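Respectively, the protein sequence lines represent chains A and B.
Going by our numbering, the residue at position 124 of the first sequence is 124; the numbering climbs one at a time, nothing skipped.
Going by our numbering, the residue at position 126 of the second sequence is 126; the numbering climbs one at a time, nothing skipped.
Hints listed in this document are in silico derivations from the structure and should not be mistaken for laboratory results.
Here the structure is a predicted model, which means the values were calculated and not measured.
Hints should not be assumed to be uniformly reliable.
To be verified - Derived DSS-like pairs (lysine-lysine); straight-line CA-CA distance at most 30 Å: (1) A:K111 - A:K17; (2) B:K26 - A:K106; (3) B:K26 - B:K118; (4) B:K26 - A:K111; (5) A:K17 - A:K195; (6) B:K50 - B:K118; (7) B:K26 - B:K50; (8) A:K203 - B:K50; (9) A:K106 - A:K203.
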Amino acid sequence: MAQTAVVQGKQWWAGGKSPFNVEYGKLMMWYFLMSDAFTFGAFLISYGTVRFSANSWPDPNHVFNAFPGAGHSNLPLAFVSLMTFILIISSVTMVLAVHAGHNGDKRGVSKWLIWTIIGGFAFLGCQAWEWTHLYHEGAWWGMNPFPNANGTASSTNFTNFFFTITGFHGFHVFSGVVINIIMLLMTRNNVFEKKGHYLMIEKAGLYWHFVDLVWVFVFLCFYLV
Amino acid sequence: MEHSTTSEVTFTQHHSDAEFRSRVRKTTILLSVITIIELIIGLVIYKMHKGDHPSEFLIMLFKGVVCILTLAKAFYIVSVFMHLGDEVRNLIMTIIVPLMLFVWFIGAFLWDGGSYRKLRNRYHPVIETPARQGEHEKSDTATHPLD
Chain A
1 MAQTAVVQGK QWWAGGKSPF NVEYGKLMMW YFLMSDAFTF GAFLISYGTV RFSANSWPDP
61 NHVFNAFPGA GHSNLPLAFV SLMTFILIIS SVTMVLAVHA GHNGDKRGVS KWLIWTIIGG
121 FAFLGCQAWE WTHLYHEGAW WGMNPFPNAN GTASSTNFTN FFFTITGFHG FHVFSGVVIN
181 IIMLLMTRNN VFEKKGHYLM IEKAGLYWHF VDLVWVFVFL CFYLV
Chain B
1 MEHSTTSEVT FTQHHSDAEF RSRVRKTTIL LSVITIIELI IGLVIYKMHK GDHPSEFLIM
61 LFKGVVCILT LAKAFYIVSV FMHLGDEVRN LIMTIIVPLM LFVWFIGAFL WDGGSYRKLR
121 NRYHPVIETP ARQGEHEKSD TATHPLD
């Protein structure tokens, strides 16, 4: 296969075929994801700029230390690591759905899509719990009960950025779940079976992996550093 | 290989099922292990912050390591899960080259934020009020929003 690419390499731009060797929809999905990466990047970088311009900042380990059902025990990073693993696992089940699609395996596609959808709902549930918990602690847009790490009073920048960025990401997860549900219904209704290929699952998969990819960076910027 | 689903695709990559499974398994384990290492480092930073004399240098070093591990995770997600690593070079480049803007984007804006802090501390220092104990009422505690 590598040889094929080398042999054809010289003719990629000669016309008559896609120089990117993918169908139009998949290429456009990549470009959309690239622009979305810049949107998320702009959000996270503006957060970074504001944080770098502050003398002190709330310590994430003091803010995110709760776990459902664990009362007031101090468990830094525990809940967010659960959320991270849920998203990684749902990414893996999506890879398996895409692969089943390559093999034209309708049952496999719908089985793995269902698992991916369950993972998406689990993540959204976790996020809803975390937001509710923080809201009850007095945190919201424009309200920040958490002091800076050095003991001084903090600005609301921390909560504003946190709710805006995790909210924007959560919205992406939500739309990803909706797309996956549509894919599941289309699979069940033999739409792809009749078309003869499951390329649509691949595009939905790209979007879903991107959501996981963004979470990796949100996790880094808000919870780890 | 001869089988192409649309006219735009000249050739398709097909991994055997066994090869695909081992690749996905390896990547999943790798991502999980990296995440666990990140969590351990996160907890180490937490313990260091609680200590009497946290070493700023060591904390920065650990945070840098976590950033590099995150980039490694991003690489594996994009390259294996999103199959970008299996695409032709033209497609890889049309995605990766524009993303290089992030190098400038991150560097310039973080530098800007840091410089703003230094200049303000020098020319217009803000007297920071200590946080009140048990401050949990729903109020805007911003003393100097975007000052």
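A quick look at each hint next to the structure:
no.	hint	result
1	A:K111 - A:K17	violated (35 Å)
2	B:K26 - A:K106	holds (25 Å)
3	B:K26 - B:K118	violated (46 Å)
4	B:K26 - A:K111	holds (22 Å)
5	A:K17 - A:K195	holds (21 Å)
6	B:K50 - B:K118	holds (26 Å)
7	B:K26 - B:K50	violated (36 Å)
8	A:K203 - B:K50	violated (46 Å)
9	A:K106 - A:K203	holds (17 Å)
When each numbered hint is compared with the structure, violations occur for hints 1, 3, 7 and 8.
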